[in-house]
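Input sequences plus hints: build the corresponding full structure.
Letter by letter, the chains look like this.
Protein chains: 2
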Amino acid sequence: MADNHSLELLIQSLRRLPGVGVKSAQRMAFHLLQHDREGAVQLARALEHAAGSVKHCSLCHTFTEDELCPTCRDPRRDHSQLCVVETPADQAAMERTGAYKGLYFVLMGKLSPLDGVGPRDIGLQKLFDRISSEADLREVILATNFTAEGETTAHVIAQALKGRGVQVTRLARGVPVGSELEYVDLGTIAHALVDRR
Amino acid sequence: MADNHSLELLIQSLRRLPGVGVKSAQRMAFHLLQHDREGAVQLARALEHAAGSVKHCSLCHTFTEDELCPTCRDPRRDHSQLCVVETPADQAAMERTGAYKGLYFVLMGKLSPLDGVGPRDIGLQKLFDRISSEADLREVILATNFTAEGETTAHVIAQALKGRGVQVTRLARGVPVGSELEYVDLGTIAHALVDRR
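From first to last, the protein sequence lines are chains A and R. Start counting the first sequence at 1; every next residue gets the next number (my numbering). Start counting the second sequence at 1; every next residue gets the next number (my numbering).
Some hints here could point you the wrong way.
[Unchecked claim] Partner residues aside, some chain A positions facing chain R, computed with beta carbon under 7 Å:
| # | residue |
| --- | --- |
| 1 | 7 |
| 2 | 9 |
| 3 | 18 |
| 4 | 21 |
| 5 | 31 |
| 6 | 37 |
| 7 | 44 |
| 8 | 63 |
| 9 | 65 |
These aren't lab readings, by the way, just hints derived from the structure by calculation. All C-beta atoms, glycine included, are put in the ideal place defined by N, C-alpha and C.
Structure representation (structure tokens):
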């Protein structure tokens, strides 16, 4: 294999994917070359096309191929609410619920001081500009993840929005639908108890 | 995300990689587009190039970009020994030991009747042709994996080579170097006991 430059380069390139080590990269490369060359070519084209055409929505910062994403273009969305999420996947999860009709802002990351990710890296200034520019905005819903980094991000945003005349809310913490108390962690039960209604 | 065709296509294409489900594919796509577009383009080129240029060595069947792989081209290799392995990764592991100077045949798979993989699918006929054509060959070393499928493959090859005037050997089974007996499985200890020397 030592002199097989294309194969080595393919394995090295596959390792740039998150969560892929040298063994997985080898397995992927062998699989594509042995059983699915059509898939390899398709993946190559999809990568090239996406890298060239996908950009950020100028309003909500999510991935889109146009100046504005479909959600920001939709005239039926409620401009009084803005939901802040970490990633497009989180936005998609919110959309699938069908319970939210407002606007979004996608941070494309979260504050993580330990990894050197500060407010500038996730474009918080862009969020604040957006909030200032939406005249009808009454509520900002913080839907960052309920991890240490997500909570920190929500806290920093909430602090920065104080006194801007906009209501800041956070998704409710509580017992997940369909779960049994016996198997729910104590922190969640404690929150659910405090926030009982 | 629904109307974001390039992104959707990229996620679908990434799912063709072995061991990658929809969540991993999403994570990979987001990572490449957000943090490593250069990596995306590099991977695209590596895929396209490998899919177009990597073929099988006409002698040993491993991946190579030329008619013959570097090992088969090497005049210093010992033509009296032929080592049969399942994959190029297994061949690379054998080479790294530096303990083997003979030739190889890479099956590019293993017999697996449950998955519908028979002798024709892994090119056993090509192996037998190769063995017939090597005039100096005295020993075939079966180095397929010590799994159920690998053992079956070794057994089928050994049976087929009976009466061909070539010695057929199998890698020794035994206790791995550096391991403590207490933690070695019983089958391995039993084999090591029977094959003691």
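Do the hints match the structure? See the list:
1. The interface hint given for residue 7 of chain A holds, since its Cβ lies 6 Å from the closest Cβ of chain R, which is under the 7 Å cut-off.
2. This hint holds: residue 9 of chain A has a C-beta 5 Å from the nearest C-beta of chain R, less than the 7 Å allowed.
3. Below 7 Å, beta-carbon pairs count as interface contacts, and residue 18 of chain A has one with chain R at about 5 Å; its hint therefore holds.
4. At a threshold of 7 Å, the smallest CB-CB gap from residue 21 of chain A to chain R is about 11 Å, leaving the interface hint violated.
5. The interface hint given for residue 31 of chain A holds, since its Cβ lies 5 Å from the closest Cβ of chain R, which is under the 7 Å cut-off.
6. With a cut of 7 Å, the hint placing residue 37 of chain A at the interface with chain R holds, because the nearest CB-to-CB distance is about 5 Å.
7. The restraint placing residue 44 of chain A at the interface with chain R holds, with a minimum CB-CB distance near 4 Å, inside the 7 Å limit.
8. Because the closest C-beta pair between residue 63 of chain A and chain R is about 6 Å apart, less than 7 Å, the hint holds.
9. Using the Cβ-Cβ criterion of 7 Å, the hint placing residue 65 of chain A at the interface with chain R is satisfied: the shortest such distance is roughly 6 Å.
The earlier numbered hint that this structure contradicts is number 4, and it is the only one.
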